[in-house]
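Use these hints to put chain B onto chain A, whose structure you have.
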Amino acid sequence: MKLPRNTFCGQTHRREFMHTVGGGFTSMALTGMLANDGFFKGSANAAGGNPLYPKPQMMPAKAKSVIFLFMYGGPSHMDTFDHKPKLYPLDGQTIEVKTHGRGGKKNKGRVVGPKWSFKPYGQCGKMVSELFPHVGTCVDDMAFLHSMTADSPIHGSAMLMMNSGSLISGKPSLGSWVNYGLGSVNQNLPGYVVMLDHTGGPISGAKNWTSGYMPASYQGTVFRPTGDPILNLKHSKGMDAIEQRKVITSLNQLNSQHLSGREDNSNLSARIASYELAYNMQSTAPEAIDVDSEPQHVKDLYGLDGSRTDDFARKCILSRRLVERGVRFIQVYSGGAHNDSNWDAHGDLTKNHDYHCGRTDKPIAGLLKDLKQRGLLEETLVVWGGEFGRQPTAEYAKGTGRDHNALGFTMWMAGGGIKGGVSVGTTDELGSKAVENPYHVRNLHATVLNLMGLDQNNLSYFYNGLNQKLVGVEGAEPIYQAMA
Amino acid sequence: MMILPQSYLFRYPIMILGAFLISQLFLFSEEKTNEINETTKNFWSNRPLKTPKIPKVNDPEWQKNPIDAFILSKLADNGLSPNPSASRDELARRAYLNITGLVPTPEQVANFVADKSSDAWSKLVNQLLDSSQYGEKWARHWLDVVRYAESNGFERDSNKPHIWRYRDWVIDAYNNDKPYDRFIMEQLAGDELDDLNYESMIATGFFRLMQWDDEPVDRLQHRYDVLDDIVRVTSEGFLGMTIGCARCHDHKIDPIKQKDYYSFVAFFNGVTNNDKGRGVIVDLNQVGDPQKRKEQEKIRQDKTTDLKNRITAIEKIATKRFAKLDAKLAKELEQNLTGLSDNVLVANHRKREQRWHYTTEKPSPNWSAVGFRAQEAKWKSGIAPFGGSVPNEKSKTPWNTANIWLQTSFQLTVIPKALKMQAYHDEDIEVYLNGQQIAKRIGFVTKYIEVPLDQKTASALQTGRNVVSVHVKNSGGGQFFDLSLEAVDAPKVSGNIADLIRDRGKEIFSEDQLSTYRQFGNDLKKFKAPKSSGPMQAMVVKEFGTNAEQMHVHYRGNANVKGDPVDPAFPPILGGTKPTIPAPKSGQKTTGRRKVLAQWITESTNPRTSRVAVNRVWQNHFGKGISSSPSDFGYLGVEATHPELLDWMATEFVRRKWSVKELQRMIMLSKTYQMSSRAQKESLAKDPQNNLVWRFNMRRMSAEEIRDNILAVAGQLNLKMGGESFYSKLDEAVLATSSTKGGKWGNSPLEEQNRRAVYIKIKRSLKDPMLTGFDFADTDAPCPQRFTTTVATQALNMINSNFVNEKAAIFAKRLEEEVNGDMSARIKRGLEIVTSKPANPKSLEIAEQMIKTLKDEHGLDDQNALQRFCLVALNMNEFIFVD
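Sequence lines, in order, name chains A and B. Here the first sequence stands for residues 334 to 817, numbered as in the numbering used here. Here the second sequence stands for residues 115 to 997, numbered as in the numbering used here.
No lab work stands behind these hints: they were computed from the structure. One or more hints might be untrue.
Within a straight-line C-alpha distance of at most 30 angstroms, the following computed DSS-like cross-link-like pairs (lysine-lysine) qualify [stated by the list, open to error]:
1. A:Lys452 / A:Lys419
2. A:Lys567 / B:Lys855
3. B:Lys956 / A:Lys579
4. B:Lys800 / A:Lys570
5. B:Lys834 / B:Lys785
6. B:Lys834 / A:Lys431
7. A:Lys431 / A:Lys448
8. B:Lys795 / B:Lys656
9. A:Lys438 / B:Lys390
10. A:Lys579 / B:Lys927
11. A:Lys579 / B:Lys785
12. A:Lys570 / B:Lys966
13. A:Lys684 / B:Lys855
14. B:Lys956 / B:Lys164
15. A:Lys570 / B:Lys843
16. A:Lys438 / B:Lys676
17. B:Lys390 / A:Lys439
18. B:Lys639 / B:Lys510
19. B:Lys969 / A:Lys579
20. A:Lys567 / B:Lys800
21. A:Lys567 / B:Lys570
22. A:Lys570 / B:Lys969
23. A:Lys684 / B:Lys178
24. A:Lys567 / B:Lys969
25. A:Lys570 / B:Lys676
26. B:Lys951 / A:Lys579
27. B:Lys146 / B:Lys373
28. B:Lys800 / A:Lys388
29. B:Lys785 / B:Lys795
30. A:Lys567 / B:Lys858
31. B:Lys858 / A:Lys570
32. A:Lys570 / B:Lys373
33. A:Lys579 / B:Lys843
34. A:Lys567 / B:Lys966
35. A:Lys439 / B:Lys676
36. B:Lys927 / A:Lys567
One chain only, chain A, in its complex shape (with noise of 0.2 angstroms):
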């Protein structure tokens, strides 16, 4: 008699068994849910496990859903949310300041003086930039984190960075973490939801989404607002839904029968079932994008009126009906492609913030306002932010231009389990590095996890020999400061 190697430290729970006897030859079937819905009565093999169903928590949660919304290129902290008055009086002149970005590490540079005004709101009186006038309104049920740092100022390394917690990819996602720990409520919707630019993807694609060494069922999905929301969902061309309901039907017959003498396999169970969750999804998933249903207060209340803000107020009204529906986490992109077409304002700094938080400032602060008067807010986190913020300095010898900046930089959280009305560590005066309990990316993946009811030390994915973990193997304390 031998004891188990392959336990870790000598235990195995439930996350961990479906990797120890998958090692990809496990079907990561679904009927197990099914058996549950009365479809496969009696047939269904215990060993079959779907990946995507409901799994308890770790812990207590104080959160259902994550709202990620995801500013990428970098927002300039000190535009925004972090007031340096002292930076104003310097504009133009040259002065001592390391600092490391695009152009490489420099120690001294031209200071770029804040283009707007800030003033204080709310019952804590943050200070907020003029560039966020609705925003500027929830500070009380917000928790800005100003002294976040990241390892790198680069977009291509710290998108995957801010995404999945590594430098190089291969790294599931926060995304795919969450599901995997949690699984999903709604089979009939994916549990991680993904919306894109209309410019186009952030840098390196769907790396930015992926379950890297997990199976795919984690991966995020992107979900288009308007048409055909996901990939293949419309019927194919000339085939209505009548049609397709026997074409499927007959396809079950089929499949039934050559079921019979393989009863045990549940892949073959799992893949027929698969049709029927398919046939669902093609009336849930339209439903669920149907923003356009939304009555006009709550259409205004996210400037869902044909302006600037209508590309963005329509995601995040979807989040929120997503958020419904019992989605697990969302990630909505403000910014795609390259350069100005999202907060990469290495130019003109004046032009592009201008544009970009004029088209998402009414719709999140419409997002917050609409989830807390459903008292969904307190169920559901929401996060703000890049993958670093911007340098105090220009990059260029012209212009208004700010450079990366990974040393110090501002996110923000709000709703399930976060306190309102802080402000957590602090930047120096010219907000070119945290200084005060600085934080890192790691603590704000912890503190997203452990929101939701997963302990960030101990989730973990059997893979090349370790157990992974998206905080790393060391570990990583969430950001107690900021919650409730």
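Coordinates of chain B only, in the frame set by chain A:
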């Protein structure tokens, strides 16, 4: 030893006994697994390889093949019995898909079912292993392990130029049964070998496959990330060892110290950084010493001639013996189609030497008409290609005027169904066959292209002598002409002596003679000439010079913090001695370290290399390895279920000169491989995971197989091999996920898009959902085994995607064209094609009922109804799964 109060023992005897046993286990195995000691040295995957004794079993049928004896013995020990053999049709479909990745036609299966000879199975196995599609299927398994991709990832996700040559190298390696030790040597040190050649050079593309950031935040750290990537692929891929885990600290569970990790990195410290261009690209024509290259080419030519002569001699004897054996056969042998086995009627210079009559003086107007004999008109004679020097090719007969007229001929005994023409023409050409114009093209090309032929071309063919006449016109610049004409779908010529020897050789030759004959054939393949399409460049390994920087241990894996210096060393747990790196010879450009490592890995005494290799092969036959953690044979891996069988196969593998095909033949000829995949109630209850292999494992097709076979069933699969990857057609919505417009995704001609999935462009940031949706390997880390997931989006793809619907329509068209008669006959044929066997009457009934409803209730016409049926057929579990 535990002391327990008696009352406890009395009350909870079983529980306490259990606890006692477990505590004893810990007591007896108190030695730590992360240190080198007797326990770890004798671990199943670390102990020296010895040939285990073959167990005696009760069933003589299961005693013949040692694999069966090992399997049955363990089953019997556990009170299990093996499944009966699978049905003949299941067996054939299993073999075709397993070896070629392609479904057999119903006729291929029927032929096998009808073949009652005792060696029908071994003939089929040999035939499949000899097919070129074998390499395309099995190369993919290795490409998963080395995380093969054709772009760098990160912001620009730039292209890795020429890297496809590595993919082709792997395919060729499998097809030519390159010995596995050589397979390793060439990848790790192909540039450091004494007999380096263009092939071994291409193999070192192994070092350039990983993701690479051209703009890393910390260059030194990223260099170490890349080195780490190399260490992981090398150690996990060849040794089943997770050395990578010791990058930041000593391995917690396995006996691998942090020092061992950096000593292993030291083997690669001479390797230059990745690069987008020149720094990693080599001109293959310049590989090796020019004098040596010449010598090698001479040897190659001599060997080829010698082998061809030997083969012809054996075939001549065989022809005589078969003729004596069977008068009918004698006649068939005479009726050989072309007298050649490859169906090439007119050869271009790459295929064979081809002689043409030609003139540059304007000939008489009837030059292309039937009956005009160039020889009688005193045209000159020369060997193709004609012209001067053009990109990538050299002519053999000079031509530098504005016009050339050419004529050649070939013999036919049977008329093939269709012809295929390839030409390299500069500029305009007109081609006539027996007086009838079959092609005309304006302008020039810079490589060999497929020339579309007139539909009626085949009708111009005749038995006996056929004449091809060509006119090439050149208005300026370089001249060039070469052409090939090939028979497609030639009627099966039973008189092909090579096929005959393969199928019935036993009747006239001894096993030894046959094996010699086979060996000559395989050797001949190995000596084939280099492919010269395109500028001959490849992405390869390079080193800084004969010295590498001193390697150090890096505290917590931080590249910027140096610890103690270390030199190249083998992981001590595998019993490596201290490596000696030979002093550099004159002209040497590298440290020579990688060669030393490769030599150690390929030593027959290395306890891991052959075990790991054999386990991977087993896994790719049975769906699950003997150890189901193929890249981790350490304490965190899964212990082998049949360590003795694994060891026996490993030693046999080495003894048979590391021949992968021999190993596969051995496995496939076992009764174990041929078992049915059906469940037996009792066995299922005892061993639900089939760990002891009481049945064959049913499986779903892989992503590539699904795509390839949809194309095959629709009659569209293009079997063109090798060369640059093609861009499959991606939905606009998929392209929109890229940060660059259209994702820098190209457009390939439809013909190219119908090639096998192994040739689809693999761009790290943009992948074909047809592949990723069905669990294609991730490209950023080694993938030892793919997942098999079942999710709703796969069903959406299979019923709604443009790709599947388009192919269903083409499949329907194929059925309309091939089957005269009513709908029922077409459905029947459709079911036969997807299931590779006679249609099941019940399925036929269901399909007919569906068509009836679609027509009666939904008002579909015959054509649309048939298309719906074809869509359903492509979705059937019976198509997608393999018994």
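Now for the hints, and whether the structure bears them out:
1. A:Lys452 / A:Lys419: holds (15 angstroms)
2. A:Lys567 / B:Lys855: holds (24 angstroms)
3. B:Lys956 / A:Lys579: holds (18 angstroms)
4. B:Lys800 / A:Lys570: Given pair Lys800 (chain B), Lys570 (chain A) is violated - Cα atoms ~49 angstroms apart, limit 30 angstroms.
5. B:Lys834 / B:Lys785: Roughly 35 angstroms separates the two Cα atoms, so the pair is violated.
6. B:Lys834 / A:Lys431: Violated. Lys834 (chain B) to Lys431 (chain A) sits at ~57 angstroms, over the 30 angstroms cutoff.
7. A:Lys431 / A:Lys448: Judged against 30 angstroms, a Cα distance of about 22 angstroms means the pair holds.
8. B:Lys795 / B:Lys656: It is violated: about 58 angstroms lies between the C-alpha atoms, which goes past 30 angstroms.
9. A:Lys438 / B:Lys390: holds (24 angstroms)
10. A:Lys579 / B:Lys927: The hint holds at about 22 angstroms.
11. A:Lys579 / B:Lys785: violated (43 angstroms)
12. A:Lys570 / B:Lys966: Roughly 21 angstroms separates the two Cα atoms, so the pair holds.
13. A:Lys684 / B:Lys855: holds (23 angstroms)
14. B:Lys956 / B:Lys164: violated (54 angstroms)
15. A:Lys570 / B:Lys843: Holds. Lys570 (chain A) to Lys843 (chain B) sits at ~18 angstroms (cutoff 30 angstroms).
16. A:Lys438 / B:Lys676: holds (23 angstroms)
17. B:Lys390 / A:Lys439: holds (27 angstroms)
18. B:Lys639 / B:Lys510: Satisfied, since the Cα-Cα distance of roughly 25 angstroms is no more than 30 angstroms.
19. B:Lys969 / A:Lys579: Roughly 12 angstroms separates the two Cα atoms, so the pair holds.
20. A:Lys567 / B:Lys800: Cα-Cα ~46 angstroms, so violated.
21. A:Lys567 / B:Lys570: violated (42 angstroms)
22. A:Lys570 / B:Lys969: holds (17 angstroms)
23. A:Lys684 / B:Lys178: This hinted pair is violated, its Cα atoms lying about 81 angstroms apart.
24. A:Lys567 / B:Lys969: At roughly 23 angstroms apart (the allowed maximum being 30 angstroms), Lys969 (chain B) and Lys567 (chain A) satisfy the hint.
25. A:Lys570 / B:Lys676: Violated, at roughly 63 angstroms.
26. B:Lys951 / A:Lys579: Given pair Lys951 (chain B), Lys579 (chain A) holds - Cα atoms ~26 angstroms apart, limit 30 angstroms.
27. B:Lys146 / B:Lys373: holds (18 angstroms)
28. B:Lys800 / A:Lys388: holds (29 angstroms)
29. B:Lys785 / B:Lys795: Holds. Lys785 (chain B) to Lys795 (chain B) sits at ~21 angstroms (cutoff 30 angstroms).
30. A:Lys567 / B:Lys858: Holds, at roughly 26 angstroms.
31. B:Lys858 / A:Lys570: holds (28 angstroms)
32. A:Lys570 / B:Lys373: violated (62 angstroms)
33. A:Lys579 / B:Lys843: holds (29 angstroms)
34. A:Lys567 / B:Lys966: holds (25 angstroms)
35. A:Lys439 / B:Lys676: Within the cut-off at roughly 25 angstroms; holds.
36. B:Lys927 / A:Lys567: holds (24 angstroms)
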